[in-house]
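Chemist: Listed below, chain by chain, are the residues.
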Amino acid sequence: MNLLLRYIGEVTSGAWSLAAGMAVTLRYMFKPVTTVQYPRARLPLPEAFRGPVELRRLPETGDHGCVACGECARTCPSGVIKVQGLKARASDFNRARFYFIDFSRCSLCGLCVEVCPVQALMFSREYEQNGGSPQVGVADLLARIREARP
Amino acid sequence: MTPATPEPALRKTLTEETFFLNLGPQHPSTHGVLRLLLRLDGERIVTCQPVLGYSHRGHEHMAQNRTYLQFMPNPPRMDYLAGLMYNHAYCLAVERACGLEVPPRAIHIRLICAELNRISSHLLWFGAYLMDLGAFTPFLYAFDDREDILAILGEATGSRLTYSYCRFGGVARDINQAFIDGVRAFIPKMRARLKDYDTLVTKNIIFVNRTKGVGVISRERAKAHALTGPCLRASGTAFDIRKAEPYGFYPQFDFDIPVLTGGDCFDRYMIRLLEIEQSLRIVEQALNRLPAGPVKAEGVPQFITPPSGQYHFSYETARGHLGIFLVSDGSRVPYRMKWRVPSLSNLSILPVLLPGTLVADTIAILGSIDVVMPEIDR
Amino acid sequence: MMQAAWNSLNAFFGPVALTLMVGLLLALGWVQVNALFLVWLERKVAGHIQLRIGPKEVGPFGLLQTVVDGVKLLAKELITPSAVSWPLFVLSPVLVFAPVLVAFVVIPFGEEFQIRDLNVGVMLVFAFGGLGVLAILMGGWASNNKYALLGAIRSVAQNVAYEIPLLLSAMAVVLMAGSLSFQKIVEAQAGVWFVFYQPVAALLYLVGATAETNRAPFDIPEAESELVAGFHTEYSGMRFALFFLAEYSNMFIVASVATALFFGGWRGPFLPGPWWFLLKVYLLIFGVIWVRWTFPRLRFDQLMNFSWKYLIPIGVANLVVTAVVLKFTR
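Here the protein sequences come in this chain order: A, B and C. Residues in the first sequence are numbered consecutively from 1, following the working numbering. Residues in the second sequence are numbered consecutively from 1001, following the working numbering. Residues in the third sequence are numbered consecutively from 2001, following the working numbering.
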């Protein structure tokens, strides 16, 4: 008799736990969905978002402020930055003439942005890059800033 | 000469009654690239042999070839589920070696982020474990919660998975109001969700039957295999680096180390849910007493150079005891950096635990141990 | 014109064969449409349970999504791995479909809406339902894949164990109705549905039916986290789609049988019979989908224990009590 009672108790408590679980899923079924339908809607990017690096455009000159010191190239853990500068006159500041980043090997750690002594670099807010070959990732940052100039 | 893989040797041991099953490295529930060589008698496992190394990337060797700062993006890529903790641990290790002082605000921010990261790692584990057991829905509920954490951490770090947030002497950037509001809204939501998980999963008779008494690790065996983290604490040993060798401001916070004595899959599951609650407590306290001030120490040299010598630092990640052994020769580049990762020793119990269980139990046990393969393979 | 064609066909085949043929053709069409709808329903319900919205891009509310998926599967190459035993491998997806079609013959959609009312209708459904497992065994064995083999072995053991409670619960109803014909059983429920007389049998039937159709939480043969895809690991393209189709059609069959046995069949106020029948069937199927997206999977030995230790004793007790009560009340 005791055994039978325990058997019945086992069955009912088990069935009850299953019913309680089903109540939870039913409740969730009528909750609003939490997903965002990506290509049609987008989430706002966080303020700190770390996109691919690009050169900052200075408002006073409308051009970049890179002095081609090469600190970013030396710090980059993956060694994907190539920067070369040129002086117009001997007394001038150095100016970047070439600035290439291979984003296909970049890990977006942001060390280059941090070490820049003149804050010439910043994170872009792009996140939809793709490409069919490794070469697609190589970006000419000077050309990009020239294109973006109004 | 030993064969490169133990497979041929294992094949020789096959008899008429047994057959050989190669579980992984592409199996849906080996969590990454673990490969298990199983000898089966019907559905019952006779022997089990894990094969590692499918995602070896040589992180320790990379450490010997770059400066301390340059190695910063690497640690999160070892354990991608608790990246911020690895980042935190690495920074703490180097700071200890150099004797750097960190401002209190930065320490608080680091602790908040690390605990949030622990919650997100446990949530992902929770979802993936339930998926291994065949329940798909809790996985998406857990991801809904985890998404909140990722958004919060994204607000502070700018990244969602491989945060390189901590810096020597502080953190990369200060937190903003959106971060604080996000955390404040998240804590009650998560607590309400934990109740739902309780009804949906913990009390579910099918789940209890699948996990209770399965894969029991005794207290002694857990110690013998150097298990750490939730696996150890589920076997009845109250060992947590946060209490044993505290770092940060952990001693000032009021939190418990949950301990269960069953040592089975159910207890390993339960202990993680309890840890989520404790982490929420820590986050709440840290947020309430967040001091003002700088988030980065002044005058940290760009090329940080620990004095020559040997250093060891222990850290409690979501999976257990992370040890960083650092040998410095006084140069800008580490001489040697050895990472003692928790998943490797936790996985070492598998060949002892599996024989005699069923294939379905294999998945339940493997899932309950919570291994992250890239951390093992490094 | 139509009448003339019908008459000449009638004269050639005879009325019985003709209704069977037309009925089977209709059933064949219905199976496809129904499966497409059910897959959509499953994905939509699963989506909303999981705080997502499910398919929505193709067609209104994503209704055409499964059609597109079907077209994709049709267009895919049929891969036959080199190590399979190919006659069985090819035959298995076809065979898995046969019991479904046969069962459609006796399903009472309405008073007039039935291909043929056999006086052994219930037996026919269960007898042919047992064939499905043969197809799974063939597919799993012929695949020459360890996961598939394990899945097939599990499937056979499971089906053997769960057909017993299924039959026991159906027998209780048959005892009450005094007939094996579906129409007679539905007629016997004119006053009160059998689910109120036989709640235990109804529950047993639903549990057994879920297991019989390999649905979660009893989807042991295709447990994807253990056996990759179970018995159909090696199947791709349309052959996989046939297994898929059969699963959903089987769901429809067992839900229809449940409706006829326990929920008053096509009976209901206002609406014509077939509408009531379909409504009840889809409500039951919704329940099955709901269960799938709530529970974890049982372990294989627990599954067998559950049947032999709980379902079968309860089923036998229920049957005995029913028989005794009927003996003394009639």
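Because the hints were derived from the structure by calculation, they are not lab data. Note that the structure is predicted; figures quoted are calculated from it, not measured. Treat the hints with care, as some may be off.
Claimed, not checked - To give a feel for the contact side, a few chain C residues facing chain B, derived at Cβ under 8 angstroms:
(1) Gln2050
(2) Lys2076
(3) Asp2301
What the hints assert, rightly or not - No farther apart than 20 angstroms at their CA atoms in a straight line, the calculated lysine-lysine pairs in the PhoX-like style are these:
(4) A:Lys31 - B:Lys1195
(5) C:Lys2044 - C:Lys2056
(6) B:Lys1189 - A:Lys31
(7) B:Lys1243 - B:Lys1223
(8) C:Lys2072 - C:Lys2056
(9) A:Lys31 - C:Lys2056
(10) A:Lys31 - C:Lys2076
For glycine and all other residues, C-beta sits at the position ideal for the given N, C-alpha and C.
Chemist: For each hint, tell me whether it holds in the structure or not.
Modeler: The hints, checked one at a time:
At its closest, the beta carbon of Gln2050 of chain C sits 4 angstroms from a beta carbon of chain B; the interface hint therefore holds under the 8 angstroms criterion. A hinted interface residue such as Lys2076 of chain C counts as satisfied when its beta carbon comes closer than 8 angstroms to some beta carbon of chain B; here the least separation is about 20 angstroms, so the hint is violated. Satisfaction of the interface hint for Asp2301 of chain C is found here, the shortest Cβ-Cβ separation to chain B being roughly 7 angstroms, below the 8 angstroms cut-off. Between Lys31 of chain A and Lys1195 of chain B the alpha-carbon distance is near 17 angstroms, which keeps this suggested pair within the 20 angstroms criterion.
Of the supplied pair hints, the one linking Lys2044 of chain C and Lys2056 of chain C holds, its CA atoms being roughly 9 angstroms apart against a limit of 20 angstroms. Distance hint between Lys1189 of chain B and Lys31 of chain A is fulfilled; the C-alpha atoms sit about 14 angstroms from each other, no more than 20 angstroms. Distance restraint check for Lys1243 of chain B and Lys1223 of chain B: the Cα-Cα separation of roughly 18 angstroms lies within the 20 angstroms cut-off, and the hinted pair is therefore satisfied. Among the hinted pairs, Lys2072 of chain C with Lys2056 of chain C is consistent with the structure: their alpha-carbon atoms are about 18 angstroms apart, no more than 20 angstroms.
Of the pairs offered as hints, the one joining Lys31 of chain A and Lys2056 of chain C holds, with about 18 angstroms between alpha carbons and a cut-off of 20 angstroms not exceeded. With a CA separation close to 38 angstroms, the supplied pair Lys31 of chain A and Lys2076 of chain C exceeds the 20 angstroms bound.
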